[in-house]
Amino acid sequence: MNGYDDREAKLLLLPLAEEPLPPSGLDAATMVRAGRRRVRRRRLTTLAGAGALTAAALVAVPLAVSALSRPAPVTASLLAAPSTAAAAPRPESAPPAPTSCTAQRLPVPAGVREAVVLDGDPAGRFHVGIGYAAGRTWALRWDGGRLTVLSPPAKDVDSLVVNAAGVVAGSGGTAAWVYEDGAYRRLQEVPSGPDGGIQVTGINARGEVVGNQGITGKLKEGATVRFPWRIPVRWPAGEGSPRALPLPDGDLDVAAQGIADDGTVVGQLTRRDEVPARSADRAVSWTADGDLRELSPPRGAGSSTGAHAVTGDWVVGWSEAADTQAITRWNLRTGAVATVDDLAYVGGVNRHGWLAGFLRAADGYETPAFAADGKVVRLPSVAGALPGKEGPGAFTLSDDGRVLGGILVTGADERPLAVRWTCE
Amino acid sequence: VRADHERDYVEFVTARLPGLRRLAYLLIGDGHRADDLVQQTCTALYVHWGRARVADNLDAYVRRMLVRAFVDERRRSWTRRVDLDDQALDRPAPEPTDPAQALVLRQALAQVPPRQRAVLVLRFLCDLSVAEVAQVLDCSPGTVKSQTSHGLAALRRLLGEPAREGTR
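As they're listed, the protein sequences go chains Z and F.
Mapping of the first sequence onto our numbering: position 53 corresponds to residue 287, and the numbering continues sequentially without gaps.
Mapping of the second sequence onto our numbering: position 97 corresponds to residue 109, and the numbering continues sequentially without gaps.
Just so you know, these hints were derived from the structure itself, not from any lab.
Hints may contain errors.
Stated by the list, open to error - Here are the in silico distance ranges between beta carbons for each label pair: (1) Z:GLU528 to F:ASP20: 46 to 52 Å; (2) Z:GLY472 to F:ARG169: 27 to 33 Å; (3) F:ARG169 to Z:GLU252: 38 to 44 Å; (4) Z:ASP597 to F:ARG65: 20 to 26 Å; (5) F:ASP20 to Z:ASP415: 51 to 57 Å; (6) F:GLN123 to Z:ALA399: 56 to 62 Å; (7) Z:THR333 to F:ASP20: 30 to 36 Å.
What the hints assert, rightly or not - Facing chain Z, according to a computed beta carbon distance under 7 Å, are these residues of chain F, among others: (8) VAL22; (9) GLU23; (10) VAL25; (11) PRO30; (12) ARG34; (13) CYS54; (14) VAL59; (15) HIS60; (16) ALA64; (17) LEU70; (18) TYR73; (19) MET77; (20) VAL142; (21) HIS162; (22) LEU164.
Just so we're clear, the structure is a prediction, and the values are computed from it rather than from any experiment.
C-beta: ideal position from N, C-alpha, C; glycine also.
Let the hints inform the model, and build the full structure from the sequences given.
What follows is the structure, given as structure tokens:
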């Protein structure tokens, strides 16, 4: 005997569930800025010796100082691949992988102290990224390394993608948008989504965009308030209406992470279970027609999987076995799946299955690199950049492997610099 | 926070922000202070993102952070507005379906003691089970049940409803 009735209690409080939220100026970019300030403050505190947070924080100081005198790598070198775990039949159209690269720091607007590259197109012509300074952000597009500062209809930007025609999709602040032919148009939310924030995650050659929209109200008739939640959405090229991607029944968390030129979308799906241990992530794909399927986990590494990028037939993501995550690569056409241990992290994949990411040395320092046909190429640094443990990496590479985008870092606080590499 | 991790963070927070704001608003009943609580929670999440992002159940982890910050009297720093930029408020305030009813209920709920309020919101508005609420508040399921009972009695009293004895 509890002295109360669940159903009656729910009915009593129901008017609050239906109540709209008041307007707000909060967004993810605000939180990122506040978080960065907090992190910096913690670092400054440690440097001044005002507080011994942890032993780890204290030993970080001499490391940061000694990094100043470490010689930065200036030339690319070729390493024999330690593993052929991900060896797949090489498509006949694959060119020989480049072996030698040069680095170029991408230009940024005056006053911008930090910038990152977030995406690049498969032809290697365009990159997009974000510049940060003094409490604001800039949406940036580079065409062959030449800068265009975008003026999207949202004050802040936190996500950007670009295709080979230079069409940019972005989101952040209070809007998601597409920049095409010098004009901006807003991406509409799917009608069933109250209070939704949109995050774009992919654009393909046709200009189709995918992303995820937050949902807080009722999604289905008769359902109670779902909490917190999001749904994957596809926007057609041009002015067409957004379409939510089909989902199975159940209490789910789903995210679309990328879209291939044929309209295939990849992402991950989590079925929520009352027992946390029974909740598992699954890498999934939707065909252009919306058919949803799970990507098979690699043998012995299937407790959880996720996909975070797709180009052509290749999907790259991760899988878990015995509490360790492994980079994992799928081929949608052949069904092949394998873990990859050439790199410590992978940010992007091209149509030959080559991977952009970074290597991590035993001392923790990270070096941007790419892996192609079982060979790993380390990417060179630029003047002014320093070795870093939290940031250096390549996140996108062109289909011919000749252009990559990513970041290097500088300063004791490891500020990011936007970088483009060209290889031959 | 590494750039690609930061992207994960932004994606997570963007998708979860409306839900977190709703939870905070239900707990506090005031939009500005609710936003402060959300911002405090998300800023802390950013600082701990490297560890948090690999949590078994990130949603539950963040919800726990937010609710504990709310009930922990010693850490009521969210009552002050911090670090909030002057964002353009370009969405008009939407009209509630029944403003009077929701307002009366919200004001009554705001007078229920914080822990009891958190239990009512989590159980009956967020549809969490007794076991899940116990985990969020770091207490026993029995405590959740008694807090539910006390909280509902307090709410009904504040709303001027007659007390109910053992209706089941």
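Verification of the supplied hints:
no.	hint	result
1	Z:GLU528 to F:ASP20: 46 to 52 Å	violated (22 Å)
2	Z:GLY472 to F:ARG169: 27 to 33 Å	violated (58 Å)
3	F:ARG169 to Z:GLU252: 38 to 44 Å	violated (24 Å)
4	Z:ASP597 to F:ARG65: 20 to 26 Å	holds (23 Å)
5	F:ASP20 to Z:ASP415: 51 to 57 Å	violated (32 Å)
6	F:GLN123 to Z:ALA399: 56 to 62 Å	holds (58 Å)
7	Z:THR333 to F:ASP20: 30 to 36 Å	holds (32 Å)
8	VAL22	holds (4 Å)
9	GLU23	holds (5 Å)
10	VAL25	holds (4 Å)
11	PRO30	holds (4 Å)
12	ARG34	holds (5 Å)
13	CYS54	holds (4 Å)
14	VAL59	holds (5 Å)
15	HIS60	violated (10 Å)
16	ALA64	violated (12 Å)
17	LEU70	violated (9 Å)
18	TYR73	violated (10 Å)
19	MET77	violated (13 Å)
20	VAL142	violated (10 Å)
21	HIS162	violated (9 Å)
22	LEU164	holds (5 Å)
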